[in-house]
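Student: Model the placement of chain B on the given structure of chain A, informed by the hints.
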Amino acid sequence: MFAQVLAGLVAGGVYAALAVCLVLMYQMLGVLSFAQSGLGALGACSMLFFQSMGFNAWLSVGAGILVGALIGVVCGWLMARYFTEASVETRSAATVGFLVVSVAVGNRILNGATYSFPDPFGGRSVFIAGQGVPVSTLVEVALAFVLAGGVTIGLNRTFLGAQLRAMSERATTAQLLGVRVSALTVLVWAFACAVSTLALVFVLPTSTTSFPPLAYLIVPATAAALLGLLQNMYLAAAGGLFMGVAESLVLASRFGRYTDAIPFLIVVVVMIYWRRKDVWSEAR
Amino acid sequence: MSGLRRGSFPSLLALLVVMLVTLAVVYPAPKYWQYVATIGMIQALIGLSIGVVYGTAGMLSLCQVSLAAIGSWTVGYMTAQDHLLGLPWSLAVGAVLAVPVGLLVGLPALRLRGVNLAIVTLGFAVAIYTVGKVGEVPGSTSDYYIVLPRWLNEKGAWFLAVWVSFLGFAAVVILLRRSRWGLSWLAIARSERAAAALGVSVFRAKLTAFGVSAAIAGWAGGMLVATFGSADPGTFSPFQCLSFFVLAVMMGAGFWEGAFALGFFNAVSSALLRQWNISPDVATLLFAIGSIQVLSAGRGGFSGDVRRLIARGRKPEEHVVELRSRSVEGASLTPSRRAQSPEDASGLQIVDLTVRYGAVTALDHVSFSVPSRSIVGLVGPNGAGKSTLVDACTGFIAAYGGSVLVDGAPQEGIPPHRRARVLRRTFQSDRTVGELSPPDYLRISAARDVTRAELGEILDFVGCTATRTRLDRLDVRTRRLLMIGSCLVGRPRVALIDEPAAGLSADESEDLGLRLIDIPDRFGASVLVIEHDMELVRLVCPEVAVLDFGKLIAFDHTADALDDPRVQAAYLGDELASRA
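Top line first, the protein sequences correspond to chains A and B. Each number in our numbering comes from the position in the first sequence (counting from 1) with 8 added on. Each number in our numbering comes from the position in the second sequence (counting from 1) with 43 added on.
In isolation and in its complexed conformation, chain A is listed as follows (with noise of 0.2 Å):
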């Protein structure tokens, strides 16, 4: 059991990492950004061009996470420019449009043939109670809490944070007093996008070589933001953590080939329990 918890981490850890960014997002930017896996992964895949140029394992990953900001900025522009005015809903719908996007530009990167993605741990691993755990597994859960924390502390007590909060309250209030909503929105989808490409890096040597499985990732990390409510980060990286474990169990159960629906049950669960006195669409 223990060892199936431990392998539970390595998936959780990601899906810890993606749902603090999903979070950051929701809070900042009224957006459920669906393609934050599926964007994340093309930076990530990205790492395999700089491979192939002679970049080490360190720098390629260095380059990868410049590549998946650079996807943000670009994000983040469209959605500044196109979407400041629109609903949450519309934003998020237009999400999905950039996770169709990046699935069919994914498949066309991975295209079904085998790749050694760049290793910065080099495969090694530490050893906790007489089990072997992959350094990276270790290094990407706390990536979550750091992230977690660091994104916490930033918000609540820098100027940055503050013009972030104000954005989020009522962006042209906050833009008639000078905080230059656009640029934020285009910085905060660089760096959620940059921290989604180093949160994939880690699973990519011991994941699939296909591409949609990637994006799919998706779906626990949102089940994962939904256990902290859409509001509180460390909730939601405990939360990647309880989805991965989760999974892991129920994939040495006999119901191990049902593994990938868990996360909908839970967000079933959790979704109806919170908005259980949610009887009318808008408040008044």
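Fair warning: there could be bad hints in the mix.
[Unchecked claim] Residues of chain A clear of chain B, computed beta-carbon distances all greater than 10 Å:
no.: 1; residue: G138
no.: 2; residue: T181
no.: 3; residue: G186
[Said to hold, decoys possible] A short, non-exhaustive set of chain B residues, derived as facing chain A with CB atoms under 10 Å:
no.: 4; residue: L105
no.: 5; residue: V158
no.: 6; residue: V292
no.: 7; residue: L338
no.: 8; residue: F439
no.: 9; residue: H600
[To be verified] Covered stretches of chain A, as calculated for chain B (at least 3 residues, CB under 8 Å):
no.: 10; region: 59–68
no.: 11; region: 227–239
What the hints contain is simulated information worked out from the structure, not anything from laboratory work. Virtual Cβ for every residue (Gly too), placed ideally from N, Cα, C.
Tutor: Just chain B now, kept in the frame of chain A:
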């Protein structure tokens, strides 16, 4: 299917013409292009399904293709594996079986909306895909092959069957859009509260939308598997769900022509790209970019463009606004106060109404009554509890103390859409359904069959001469008056009219007042007018109730109440009131 309305004819005719042209082009075409058209037409059916649930009812469901899987598994199991039923019957069973699954997905939609619903439905899509891949559900494996019956295997016969299916389902959707079901879908997409206030059951509207869309998707899924020969889980993958969603957005699948365009462009572009040895991904990519563009422009996609083009060709309907004026009609119109004996319980009675939000008491034991066929004003500064009172009376706040009685009957425990049979309200902000024409808006508000004469009477009362123009193209005043008309067409015993003059000029406000005065005699309703415009209150209401911080501080003749020092202090503050 009761309540089908006129007005569907132009759409039905256009559908028939487009379908006949399609038949004339595709039927004699080579087998390959007939196959492409068959796939396109089935995809158009899935587009119709998305059009019902998202395009019409406004629910962000990302799992419509997964519902098609249910039809596919049913047809696979019944036709190929055990030969339980012939193909046409198994298609019907597949459509029927998809309905309970659709309703199951629809249940969360009773509490979840927008992105939350999108998350749940995407999760459902992944779950169905997982179940399909495992292959334990009958019909979900791909180890069978469906052979079409001989009569469907003749040249062009299967295309003809698919053609008839799309024609049939599209016609049903066109007729449904004009029925009470369809109008209620449009109404909940605009505002669930406003829909319930019109007597629409939001519960029923959402579930019927999911049910109808699931039946269409189930039928389409069955046809798809019969066309391909066996089930491939990839056909119903989450990615397909998302691709179809973006296509539906881009094409505006809420209308039949959008769904048709979805199938046409998807199938033809895929076929052409395949012929040119280009990956079909390119088409998906372009469609996704197109959908982002459509969303950013908020235009309603291909079908929206088509309808705008047609509308541009039409001569705009003449809409004459004639404002009534007191100087013309005389002062005799001022309503008289109706005396009510203590034992007379007709009209609206509010007894000890108390609403608490946590530690805040929004309404504190408020009691007053609006006698039968009379008008009472409800005034008070912002935050006094006026709208809370309207929400509680109409059932939008269920947890309140005290009682609300209409003609002596307590309303507690009755949901808003059922209270609307006797007690109706309007809203401060515009909640009309922009896509509808004034008569259609009134029809859905009536919650019963209404005659043209009745509709004419209401339109005449609110001074609206437009009958074809969409509500979102009419002026604010007309929309506000139509909201009052929508309240009256339900023939309520009591009408609560919330800030009707907001945003109107002084002349328009006076015109509104003169129309409000007519309501009790013309429609037999008692009226509570919530308003800040004191000129309007003095014109319309012989009596007013005044709220301040949730308490009733006065209920008297309008002139006396407004001169009351407590009322002036509530509006102006103690210091200014004493100076006044």
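Student: Each of the hints needs a verdict: does it hold here or not?
Tutor: Now for the hints, and whether the structure bears them out:
no.: 1; hint: G138; in the structure: holds (33 Å)
no.: 2; hint: T181; in the structure: holds (20 Å)
no.: 3; hint: G186; in the structure: holds (26 Å)
no.: 4; hint: L105; in the structure: holds (7 Å)
no.: 5; hint: V158; in the structure: holds (4 Å)
no.: 6; hint: V292; in the structure: holds (6 Å)
no.: 7; hint: L338; in the structure: holds (5 Å)
no.: 8; hint: F439; in the structure: holds (7 Å)
no.: 9; hint: H600; in the structure: violated (31 Å)
no.: 10; hint: 59–68; in the structure: violated (count 0)
no.: 11; hint: 227–239; in the structure: holds (count 4)
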